[in-house]
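Let chain A serve as the given structure and place chains B, C and D on it in line with the hints.
Chain by chain, the residues run as shown.
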Amino acid sequence: MNKSVVGQKRLPGDLAIWIFILAELTVFAALFIVFSVSKSLNVEMFAEGQATLHPLMGLINTLSLITSSFFVAKSVLFASQGQLAKSAQWVWIGIATASIYIVTKFIEYQSLMALGYNLRTNIFYTLYFFITFFHFMHVLMGIVILIVVANKARKGGYESDITGVETGASYWHMVDMVWVVLFPLIYVIK
Amino acid sequence: MKFQSQSAAMPYFIFALALFVGQIVFGLIIGLQYVVGDFLFPEIPFNVARMVHTNLLIVWLLFGFMGAAYYLVPEEAETELYSTKLAWVLFWVFAAAGTLTIIGYLAVPYATLADITGNGLLPTMGREFLEMPTITKVGIVVVALGFLFNIGMTMLRGRKTVINIVLMTGLLGLALFFLFSFYNPHNLALDKFFWWWVVHLWVEGVWELIMGAILAFVLIKVTGVDREVIEKWLYIIIAMALITGIIGTGHHFFWIGPPEYWHYLGSIFSALEPIPFFMMTVFAFNMVSRRRREHPNRAATLWALGCAVMAFLGAGVWGFLHTLAPVNYYTHGTQITAAHGHMAFYGAYVMIVITIISYAMPIMRGRPNGNSRQAQTVEMWSFWLMTIAMVFITLFLTAAGILQVWMQRVPESGQALSFMATQDNIALFYWLREISGVIFFIGLLTYIASFFVKGDAVEVAE
Amino acid sequence: MQLTSRKLTGTWLLLIALTLTSAGLGSLELSEELLVFLVLLTVLIKNYQIIDVFMELKNAPLLWRGLMQCFTLFIVVAVGVTLII
Amino acid sequence: MAERFTKSMARNIYLGGSTFFILLFLGLTFDTMQAMPERDNRENLTESVANGKLLWEENNCLGCHTLFGEGAYFAPELGNVYQRRSMGNDEAFIGYFKAWMNAMPTNVPGRRQMPQFNLNDQELEDLAAFLKYANGINTNDWPPNVEG
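Residue numbers (this note's numbering), protein chains in the order written: chain A, 1 to 190; chain B, 1001 to 1462; chain C, 2001 to 2085; chain D, 3001 to 3148.
These are calculated hints, taken from the structure and not from any lab test.
Okay, derived cross-link-like pairs now, EDC-like style, lysine to aspartate or glutamate, Cα gap no bigger than 16 Å in a straight line:
1. A:190 with C:2033
2. A:190 with C:2032
3. A:9 with C:2052
As the structure is a prediction and not an experimental result, all values here were calculated from the model.
The following block holds chain A by itself, in its conformation from the complex (with noise of 0.2 Å):
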């Protein structure tokens, strides 16, 4: 059990996965500001790149990574009530829906590149691969972190310290929160 003393400041998870969130947001906000950038210096470059995009499956994804969150936090509010077979239970969900956005991603890199579009096509395309498959690789990883949490919190890993759980559900939240960003600095804003 959790015992963090009500009105006690406490930071969720081991502190050095915030040292690493910090940096992984760092290099996100590098990529994005690139996007920006370039896409202010190649108007018309951009926008047809971007009308090749598929908005809705971009939709669908933000809205599987935000729902997948949701689950994940769930699942550490019943780790936190010592419930573990049901935090590891809506871990398992929370996988669930966010293999959703790897099926759409990978029908939408599958159609893109039918039509010939690749990383090297030109900046637009670079960084649209590049930044998004950089993201879909953090979303396997964050897949894999939940799927070593679920598996321990079923052995009863957590009874004494739910730590672990609030570190790989930071990971994912941060995943989430850089495709909120995302989503609409590729697919909407136009």
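Relative to the frame of chain A, chains B, C and D by itself:
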């Protein structure tokens, strides 16, 4: 010294310093050739002296890393070295191979050396920093395998600390990436692409692990700060080094053939490369300010702090200065690159090797509390002489580089000055650099002299 | 203030609503500046909600909550400024 | 606060982070290799060019010159020397190149000296072919001007 076998580091350190002296002598020669073009020509042409200068640097740093490993791995693992005899045999093999190679460079024309050593069978020579004959490269691999075996067995037998694991990973990576030096296709663009897998993934990848491990070891020893704290920092710093540094390789792919997207990837990730160096500086100062004891070897502490600062300046700031593709378009391959190279190598790798030598040598010589106060004073003088001289070398080369960019690179074809005309125009800075180099050499001699300064043994206030 | 299941669900619905809103904004014929401003506003609100509720940083030390909020704010403002210029 | 900064978490970040970026780097390398045939002028990589490259290496030309900005910074860039000296004419370039190589060293007092490498006619032609081939590699418009 906790374990007798740690003294295997001694010959490595001594030989490293001897080669360091050689490196600087040749540095002075080529520095002078920049302004007095026919100096020592045709006996020692520039390309030969330059090759000796850079190869000695690499080889003496490798000797330093090996010495550091022989010293700290047994202490960390809390066991004797697996085989002291192997360490000595490999020392002589490596020292002989290195010396013969340098003699080869100086005694015969390079083409003759290539011919004698059978470069035609497996051509690997004549590429920057990897000029050594193929047979020497094979020798390096053999020595590295024996060394890794020796260190690895020691580690496996004893306590597995984070410092040992990180050091071992770094050394393994060093050996692994060196294998790319044997890949030399006729296709120039591919040759250059994979050449960077050796050079960049060494100095901005696995060498940083080695540096981090050595720095962490010395900081534990001189500050007495809890190992747990230092090890966590070490992990986070090297994680950042690899996260930024691996894709950061892209900043070398801008103008050698690979596609344009490397401009973006290389710029973004290498712009973040100063972060681990900055963290290292914060870390070193933080640990020293939280120290639990006043270690009597103040010189070693000074080197450790200086190393962190200079690595940040040289590798971090001076690297960032010209790493963005639009800037690099103009600065690539000018004296700005040379400025960065000098300060980065000195700050990160020369100073870390001197740090461990400064810490370990007195102990191996039976002075557990460091050298006498008089000797330490001399050593600290050498620190300031070399470091300030290096700062000036860097500044003068940067000034030369900026002028070079301005005259030779920025104007349109037809209006730009030719390379040689530009060189004539910036000769003043080359003279100033040479003078700074002489001061650096004096600093180095002062450092060597500090080993021979006697004086009263340092008492420790418990 | 203890986190409750109800609070989580409420935040989730808010995030969904804001996502749909921002997607809808893209299909309206707004001026570029207004679109950028409105969309980035939804992004900022969403990320602050994620930080406070999902990440549970509302009750965390000020340093960490502040760092995360500043980072988000920085990204949004930097993107906004570079897009509009 | 610091007590919940665990070493195992720091280690996981290191291992996870570096694996992640190594995979990404390998993926990008794979993509680059797909792109190279259109960029690296491999269709002009003849036997003579290959021999020229070997001569380039075995005489340590990079010890003074740069090639695509890499090497020593003591003597001019040679990645674009074909463009700088040929006027678009192969014969002219080879003629110029042979005359230059055979005139070395200049022995002008105080000036930088290029050694005499004693290459025969065929070798000089191979080396010239190598420099022409290098000039044909797509370097993203580097150097900024003909001076290199």
